[in-house]
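Student: Chain by chain, the residues:
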Amino acid sequence: MSGHTPEEIHHHVKIYIRVFAALAALTVLTVGVSYIKLPVMAAILVALFIATIKSSLVAAFFMHLANEKKIIYWILLPAVAFFLVLLVLISYS
Amino acid sequence: MSEHASHDLPFWRKYIFSTDHKVIGIQYLITGLLFLLFGFILMLILRWQLAYPGQPLPFIGHLFPESQMIGGIMLPEFYYQLGAMHGTIMVFLGVVPVAVGGFGNFVMPLQIGAPDMAFPKLNMMSYWLYFIGAVIMIASFFVPGGAAQSGWTSYPPLSNIASVGQTFWLVGMAFMINSSLLGSINFITTIIQLRAPGLTFNRLPFFVWAQFVTSFLLLLAFPPLMAASVMQLMDRVAHTSFFMPTGLVVNGALSSVSGGGSPLLWQHLFWFLAHPEVYVLILPAMGIVGEIIACNTRKPLYGYKALVYSVIYIGVLSFVVWAHHMFLTGMGTTMSAFFQVTTMIISIPSVVILTTFVLSLWGGSIRFSVPMLFALAFLPMFGVGGLTGLPLGLATADIHLHDTYYVIGHFHYVVAPGTLFALFAGVYYWFPKATGRMMSDKLGRIHFFLSFIFMNGIFLPMFIMGLAGVSRRLYDPTQFAHNLSTQPLNVVMSISAWLLGLSQIPFIINFFGSIFRGKKVDNNPWKATTLEWTAPSPPPHGNFATEPHVHRGPYEYSVPGAKQDFIPQSAPEGAR
Amino acid sequence: MSGDSGIRYISHPHPVTGVTNSKLGIWCFLASEVMLFGGLFSAYILLRMGAASWPEGSAILNVPLATLNTMILITSSVTMVMSWASLALKDFKKYRWFMAVTILLGLAFLVVKGFEYAHKFEHHHTPSTNTFYAIYFTLTGLHGLHVLGGILVNTYFLFPGSALWKKDPDQFMGRIEAAGLYWHFVDLVWIFLFPVLYLL
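So the protein sequences, as listed, match chains A, B and C.
Read in this note's numbering, the first sequence has 42 at position 42, and its numbers run on one by one without any break.
Read in this note's numbering, the second sequence has 477 at position 477, and its numbers run on one by one without any break.
Read in this note's numbering, the third sequence has 174 at position 174, and its numbers run on one by one without any break.
Read the hints as simulated data drawn from the structure, not as lab findings.
Each hint should be verified, as a subset may be incorrect.
The calculated lysine-lysine pairs, modelled on PhoX-like cross-linking and capped at a C-alpha distance of 20 Å, are [said to hold, decoys possible]:
1. 442/B to 563/B
2. 93/C to 167/C
3. 94/C to 14/A
4. 94/C to 167/C
5. 167/C to 90/C
6. 14/A to 90/C
So here's chain A without its partners, still in its complex pose (with noise of 0.2 Å):
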């Protein structure tokens, strides 16, 4: 978030209530397509698809994110590439 001004919150709460939105309705459809029995590797990718999405939504808007200073990319990168290195070289063996 770069302004404090009153418009540009008022703009915020808007966008807010939006991702509010997005993210109820996404939890209802990732519920639902639990329901039809996919095969379990699709059903795998459709479900952290759908996380993958709300989790981009709240770390993009309520957690500003999405405009964030370069210094919070900086610190985040590494611990994103780790926990990759983690998930993957550990699920790999």
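For chain A, the structure is supplied; the task is to place chains B and C on it using the hints.
Tutor: Relative to chain A, chains B and C alone:
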């Protein structure tokens, strides 16, 4: 702004629950040094059993309770407690608290010209979490069954079925992990936010760079061990089977747990921490050595940029080498190949660092002060430790060497005559900053030469024993015929260890004696350039009377045409 | 964290990095949290891939209750960010209102979780039953502890901690933002936990 609020505090707020980074740094340093001594003494006791298996420990043997020694003869259970706790205490309660908590806390804010850490209260909490964790670890010696005895690596399933001491180990570790988490957040924030005006990242002293990268390692590598500790705690307390495979037989009976777990999972998560942890042990040491070499050769560090990039490179790569500790687990050739390659690659920046240090000596007018002696000894000792690691990083050689004394020799060369020498160097170097007094040069030299000889007396024979195939975990090495030929070496090593213990007496006398009786010196006795030497000794609360401004790089020694052979970082532009 | 020794950038951002100390600090903390849950998620993957059979979450766990809990947490994230926005609009009353709702929603989440746990224990489904329940209880338990921690922090900022608003509104807003970042992160973890444990 920077002076008030320090004189009027009561004693316990000023020296015990202090939020001042210098007080916390000294608390860390002294607590850590005491734990180093304690962990060392555990090993001195253990070495009796290795040198003279089954013989009663003279003089003090009968002081131990029957659960530990019978008639002065050490029980195997106690032997394994000593081994496990020696490793745990030296790494987690000794070296890291001294290197990061002690030197990092005391020196780093001074070197960047900050009044304190970014979060002073968190800093205090970090120390006290460490303290509580340490108390829990020590308390575990007195619980039924004694302390943890499954090695410092706590491999399950053995650790899952061990006595209650292991639970204490896990809870103690949880405190240590949270302590270092708070510490690393504080370090990163402080280094990024609170550098004095003009102190850009490429003017940062090498020591600060080393602490910066170390903090990232602590921040990101410790949490998976936290996760693993939680799971092992669940295994032990709630009888889950995270690390318990199906069909496990314990003491001749089928284990009653549900099974389905994986002991390998622990190894992965443990080494995901513990390999970066190795660099947590060595990077601050390299930082200290870099500072001391630049100051005592009176010339800039050779290849400052190469050093900085190497440190960052090591930091990143250290997260993808962990499974070279696991070549024997049967994780498959693809994984082995991957981790062999990364392990070979990570040796390159380490060599770059060592090489630049050696090259920095060339053409310098070296002052053989006590800190410099330790720093100089660090170079070949770390070299031996590093080079002997290469065969361990190759699966083919590691199959033979794994879990032998060769491994012990390898990593002890890195941390004992390596890191510990650097830490001693740091103590001698920054002591006048912390107290305003010098440590005795004569006692320092005695300490150095004796330590240097006996350190090698302990660790050099380990390579021979390891190549001969002696396992690292034997309570009584003489029960196997192939160990008999190397058994005399165990006597040499044990005697060296005990003499090394005696060699620390001059240091202890020097350290405590010099606080009161050391020669008084001015603010910059070593004629060094970095910012901490422009603050008063000892620095007051808030450190600098006026905020320093930085105009140059960290190592402007012997600049041609300059009046003196050093120009402090804060000297104004054009000052000669 | 009082500025008694002249530490800068507590309430105003650093001119170069553009952030305050607390914001950088909380992001470091979250980076570390990513690795904590990363460790547990990788444990989940390894255990599941190594298991002879793995139960389907939806068959043995209560999906409607978990869906309710998901909705509760998402809503609480909105109220949390609204409490911050209210401060930005200098509306302290509204801030308190939104913060109180956030805390209540957090508590509601824990109550629902409590019912779920109680139900499992009644049927003797405990962590020791099998590795699925082991990782289920460990992950949700650790997440629950994070929710509890968030509730405690938020309660502090609702009552005693809010005195700072009068003294230094910028610093207080920074603290609420940091508390919010933590709270959203806890929500974010749940967004992954929900499908991974309950739906797959």
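Student: All the hints need checking, so say for each whether the structure fits it.
Tutor: Here is what the structure says about each hint:
1. 442/B to 563/B: violated, 31 Å
2. 93/C to 167/C: holds, 16 Å
3. 94/C to 14/A: Since the Cα atoms of residue 94/C and residue 14/A sit roughly 17 Å apart, the hinted pair holds (cutoff 20 Å).
4. 94/C to 167/C: holds, 19 Å
5. 167/C to 90/C: holds, 14 Å
6. 14/A to 90/C: holds, 18 Å
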